Structure formats: C-alpha cells, structure tokens
Amino acid sequence: MRWSLLLCSLVSFYNVAAVPDPVADALNAPAQIGEARFTYYLWDVYDATLYSPQGQWKNQPPYALNLTYLRDLKGEKIAQRSIDEIKKQGFDDAEKLAIWRQKMTQIFPDVHEDDELLGIAVSAQTTRFYHNGNLIGTVDDSEFTRWFFAIWLSENTSEPEFRQKLLSGVEQ
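Numbering (mature numbering (1 follows the signal peptide of the UniProt record, and there is no 0)), first residue to last: -17 to -1, 1 to 155.
It cannot be assumed that every hint is accurate.
[What the hints assert, rightly or not] Restraint-style ranges between C-beta atoms, simulated for each label pair: (1) 60 <-> 37: 17 to 25 Å; (2) 63 <-> 7: 13 to 21 Å; (3) 123 <-> 27: 30 to 38 Å; (4) 139 <-> 63: 30 to 38 Å; (5) 75 <-> 37: 30 to 38 Å; (6) 1 <-> 75: 37 to 45 Å; (7) 4 <-> 81: 16 to 24 Å.
[Stated by the list, open to error] Derived EDC-like pairs: lysine to aspartate or glutamate, alpha-carbon spacing no greater than 20 Å straight-line: (8) 79 <-> 18; (9) 60 <-> 18; (10) 79 <-> 98; (11) 57 <-> 144; (12) 86 <-> 27; (13) 79 <-> 93; (14) 86 <-> 75; (15) 41 <-> 126; (16) 41 <-> 59; (17) 71 <-> 126; (18) 57 <-> 124; (19) 60 <-> 142; (20) 57 <-> 27; (21) 71 <-> 4; (22) 57 <-> 67; (23) 57 <-> 96; (24) 57 <-> 75; (25) 60 <-> 97; (26) 71 <-> 55; (27) 86 <-> 68; (28) 57 <-> 76; (29) 70 <-> 55; (30) 60 <-> 30; (31) 86 <-> 97; (32) 70 <-> 142; (33) 60 <-> 93; (34) 60 <-> 27; (35) 57 <-> 97; (36) 148 <-> 59; (37) 79 <-> 126; (38) 86 <-> 76; (39) 148 <-> 27; (40) 148 <-> 68.
Please keep in mind that the hints were generated in silico from the structure rather than gathered at the bench. Source: prediction; values computed, not measured. A virtual CB, placed ideally from N, CA and C, is assigned to each residue, including glycine.
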C-alpha cells in the first residue's frame, strides 16, 4: 500500500514538474495533450508539446504550445514562416498580416538549439509569448490568437500528421 502511494506521488510530481512554469500559472490544472517533432525536409526543426487544462482538448483557449528548437533560427524568419502558414490557412487580410508580422518580428528572438518559445492562448483575445520561461510579448487580438495557433491545430494545417500527434497524445 505504501509503495503504491509513493509511486502515485512520484508520478504526480513528475507530471507537475514537466509543465513549464508559465503554463502552470496560466492554465488551471494543466496537463500535456501530445507532442510531435517538426522536420522540414531532412532537418529536425523543433519538438512541440501541447498543454491544456486537465489535458483535455476543447479547441478553445486556454491552451499552450511549447516549441523546443533543435537548430538555430532567426526570429524574423520564424515570424515570416508564421505569416506564410497563416496565409495557407486562408487568411488573406494583407493589412492585418503586415501588422502581425511586425509584432511577431518584434517579439520573437533569434533562437538557438534547446531554446524554447512558448505561446499561451490565455483567452480568445490574448496570446502571451515566452522565451526560455521569460515573458517576451503579448498580442491582444482575437483573430491573431485564432489564426496563429491554427498553424498547428487547425484541420486545415499544412502538417496534418503533426497536428494529429499534438491532439491525440501519440508520441512520435
């Protein structure tokens, strides 16, 4: 009995410890839903982990997506790639895309191997971004929140297998 109680305590501690601090602060009882590795041609780019309250996906905020980079990338390229992917989703308001690109370029730093960029949809209106656990910017725009996370989570994503791994809890 004591061993099973100790084992349960250790498992609970491990699950709580695995959640990044900003996620634990922003989500009620956060838990991992799934994870996936994004590879572009032959290059591993980042590992992604999706979190939500109680690990339940409801397709509405709050939720968090953590990207752990496996290579060095310029923040400006990350912002541009995000815009390209939002366009692929069907969003075509050129004025808003330019505003969003500018905001992301200001927010996203250059990343190096093992750096983490974390996006938290804290509400339908607000997205917060963290770099290695430190708040680096906030975007208060419901359309941005919806379209930004659609890059990975929409049924229309350019990477449906990646999405499936994030949402189903299937490891790569």
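How the hints compare with the structure:
1. 60 <-> 37: 17 to 25 Å: 35 Å, violated
2. 63 <-> 7: 13 to 21 Å: At 31 Å between Cβs, range violated.
3. 123 <-> 27: 30 to 38 Å: Holds, since residue 123 and residue 27 (Cβ atoms, about 33 Å apart) stay within the stated range.
4. 139 <-> 63: 30 to 38 Å: For residue 139 and residue 63 the Cβ distance comes to about 20 Å; the hint is violated.
5. 75 <-> 37: 30 to 38 Å: Between residue 75 and residue 37, where Cβ atoms are some 36 Å apart, the hint holds.
6. 1 <-> 75: 37 to 45 Å: 38 Å, holds
7. 4 <-> 81: 16 to 24 Å: About 33 Å separates the Cβ atoms of residue 4 and residue 81, which means 16 to 24 Å is violated.
8. 79 <-> 18: This hinted pair is violated, its Cα atoms lying about 30 Å apart.
9. 60 <-> 18: Given that 20 Å is the threshold and the Cα spacing comes to 23 Å, the pair is violated.
10. 79 <-> 98: 28 Å, violated
11. 57 <-> 144: The hint is violated at about 26 Å.
12. 86 <-> 27: The hint is violated at about 26 Å.
13. 79 <-> 93: At roughly 23 Å apart (the allowed maximum being 20 Å), residue 93 and residue 79 break the hint.
14. 86 <-> 75: Distance ~17 Å between residue 86 and residue 75 Cα, so the pair holds.
15. 41 <-> 126: Holds. Residue 41 to residue 126 sits at ~18 Å (cutoff 20 Å).
16. 41 <-> 59: Answer violated: residue 41 to residue 59 is near 31 Å, above 20 Å.
17. 71 <-> 126: 15 Å, holds
18. 57 <-> 124: 24 Å, violated
19. 60 <-> 142: 19 Å, holds
20. 57 <-> 27: Holds, at about 16 Å.
21. 71 <-> 4: 32 Å, violated
22. 57 <-> 67: 15 Å, holds
23. 57 <-> 96: 12 Å, holds
24. 57 <-> 75: The given pair, whose Cα atoms are some 24 Å apart, is violated under the 20 Å limit.
25. 60 <-> 97: Holds. Residue 60 to residue 97 sits at ~17 Å (cutoff 20 Å).
26. 71 <-> 55: 24 Å, violated
27. 86 <-> 68: 16 Å, holds
28. 57 <-> 76: 25 Å, violated
29. 70 <-> 55: Not satisfied, since the Cα-Cα distance of roughly 24 Å exceeds 20 Å.
30. 60 <-> 30: With a Cα-Cα distance of about 18 Å, the restraint between residue 60 and residue 30 holds, given a limit of 20 Å.
31. 86 <-> 97: This hinted pair is violated, its Cα atoms lying about 24 Å apart.
32. 70 <-> 142: Distance ~14 Å between residue 70 and residue 142 Cα, so the pair holds.
33. 60 <-> 93: 9 Å, holds
34. 60 <-> 27: Judged against 20 Å, a Cα distance of about 16 Å means the pair holds.
35. 57 <-> 97: 14 Å, holds
36. 148 <-> 59: 27 Å, violated
37. 79 <-> 126: Holds, because 9 Å separates the two Cα atoms, which is no more than 20 Å.
38. 86 <-> 76: With a Cα-Cα distance of about 15 Å, the restraint between residue 86 and residue 76 holds, given a limit of 20 Å.
39. 148 <-> 27: 16 Å, holds
40. 148 <-> 68: OK: residue 148 and residue 68 at ~19 Å, within 20 Å.
Hint compliance for this structure: hints 1, 2, 4, 7, 8, 9, 10, 11, 12, 13, 16, 18, 21, 24, 26, 28, 29, 31 and 36 are broken, all remaining hints hold.
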